[in-house]
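UniProt numbering applies: residue 1 is where the sequence shown begins, and numbers increase by one.
Errors might be hidden in some of the hints.
[What the hints assert, rightly or not] Across the chosen pairs, the derived CB separations fall in these ranges:
| # | residue 1 | residue 2 | range |
| --- | --- | --- | --- |
| 1 | I176 | T85 | 14 to 22 angstroms |
| 2 | H110 | G63 | 50 to 58 angstroms |
| 3 | N69 | K24 | 23 to 31 angstroms |
[Stated by the list, open to error] Dumping the calculated DSS-like pairs for lysine-lysine here, alpha-carbon to alpha-carbon at most 25 angstroms:
| # | residue 1 | residue 2 |
| --- | --- | --- |
| 4 | K132 | K22 |
| 5 | K109 | K87 |
| 6 | K87 | K113 |
| 7 | K74 | K132 |
| 8 | K87 | K22 |
| 9 | K87 | K24 |
| 10 | K74 | K20 |
| 11 | K20 | K109 |
| 12 | K87 | K20 |
| 13 | K178 | K24 |
| 14 | K109 | K74 |
Since the hints were derived computationally from the structure, they do not count as laboratory data.
Note that this is a predicted model, so its numbers are computed, not measured.
Beta carbons are placed, not taken as given, at the ideal position from N, Cα and C, and that holds for glycine.
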Amino acid sequence: MGKPHGDDDRYAGGFWYGVKSKVKVPTDAVTTLDENFVDGGYLSDDGVTNSVDRDTTTVTAFGGDTVLNVTASKTETFQFGMLETSKDTMAFVYGADNVTGTDDAFVVKHNAKDNPRLVDVFEFAMTGDRVKRIVIPDGQVSDLDDVTYADGDAIVYTPTITAYPDSAGNTAYEYIAKVAAGTSAQAEAAGLAVYDDESAPSLDKAAVTTDSTDSAEATA
Numbered sequence: 001m002g003k004p005h006g007d008d009d010r011y012a013g014g015f016w017y018g019v020k021s022k023v024k025v026p027t028d029a030v031t032t033l034d035e036n037f038v039d040g041g042y043l044s045d046d047g048v049t050n051s052v053d054r055d056t057t058t059v060t061a062f063g064g065d066t067v068l069n070v071t072a073s074k075t076e077t078f079q080f081g082m083l084e085t086s087k088d089t090m091a092f093v094y095g096a097d098n099v100t101g102t103d104d105a106f107v108v109k110h111n112a113k114d115n116p117r118l119v120d121v122f123e124f125a126m127t128g129d130r131v132k133r134i135v136i137p138d139g140q141v142s143d144l145d146d147v148t149y150a151d152g153d154a155i156v157y158t159p160t161i162t163a164y165p166d167s168a169g170n171t172a173y174e175y176i177a178k179v180a181a182g183t184s185a186q187a188e189a190a191g192l193a194v195y196d197d198e199s200a201p202s203l204d205k206a207a208v209t210t211d212s213t214d215s216a217e218a219t220a
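Please build the complete structure, drawing on both the sequences and the hints.
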C-alpha cells in the first residue's frame with residue numbers, strides 16, 4: 001500500500017488519522033473522508049501487518065474430550081512503516097501534545113505520556129476494480145520499533161496501533177466495494193460507485209481503471 005503514484009497521479013492506497021471528537025467515523029468503502037482527517041503520508045513497502053492475538057480457555061468433558069473453546073481476551077493490532085518525517089507524522093507517532101512548531105521547523109519531545117486515542121483509516125486498491133477501507137474507530141499507538149539513522153537509508157518510523165472495541169464491541173471494520181472509473185450510465189445502472197479525477201472521493205488515492213487492473217493490486 002503506501003502512496004505509490006500511478007497514471008494521472010493516482011495512488012494505490014493510504015493512511016489517515018483523526019481525533020475522535022472531530023471526525024466522522026467512515027461506514028463504507030467509498031464515501032469521502034471527513035476533512036478533519038490527517039494524511040499520514042508515504043508508507044513503507046512492507047505494507048500493513050494486522051495481527052489478532054486470542055487467549056482462549058478450553059472446556060473439556062468427562063473423559064477428556066474438548067467440547068468448547070471460550071475466548072478469554074482478544075487483542076488486535078496494526079503495524080506499518082511511515083516514511084515521512086513531517087509534523088503530522090511525528091504527531092501521530094509521538095502524540096500531538098509532544099510536537100510543537102511549524103511545518104518547516106518543529107520540536108518532537110520523547111517522554112512516557114500515553115498517545116491519544118484516534119480514528120485510523122487504511123485504504124487499498126485491489127484487483128477486480130475493487131477497493132478496501134479498514135477503519136479502526138478507537139486506536140492508539142502502543143508501540144514503536146527501533147528507529148535507525150544510517151547513511152543511504154530512509155528513516156522509517158514503525159508504530160503499532162492497538163485497536164480497542166467500540167460501543168458495538170468491534171475493534172475494526174473492513175469495507176470493500178467495486179468501483180468504476182468514469183461516469184458511464186452503464187456503470188451507474190450496474191450499481192457501481194462512479195468517479196473521475198475531479199469528483200473522486202477519498203478514492204482519488206485508491207483509483208483503478210478498467211485497463212490498469214494489474215497496477216491496482218493491493219501491495220500490503
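* Asked: What are the numbers of the hints that this structure violates, sorted from low to high?
  -> Hints 1, 3 and 14 not satisfied by this model.
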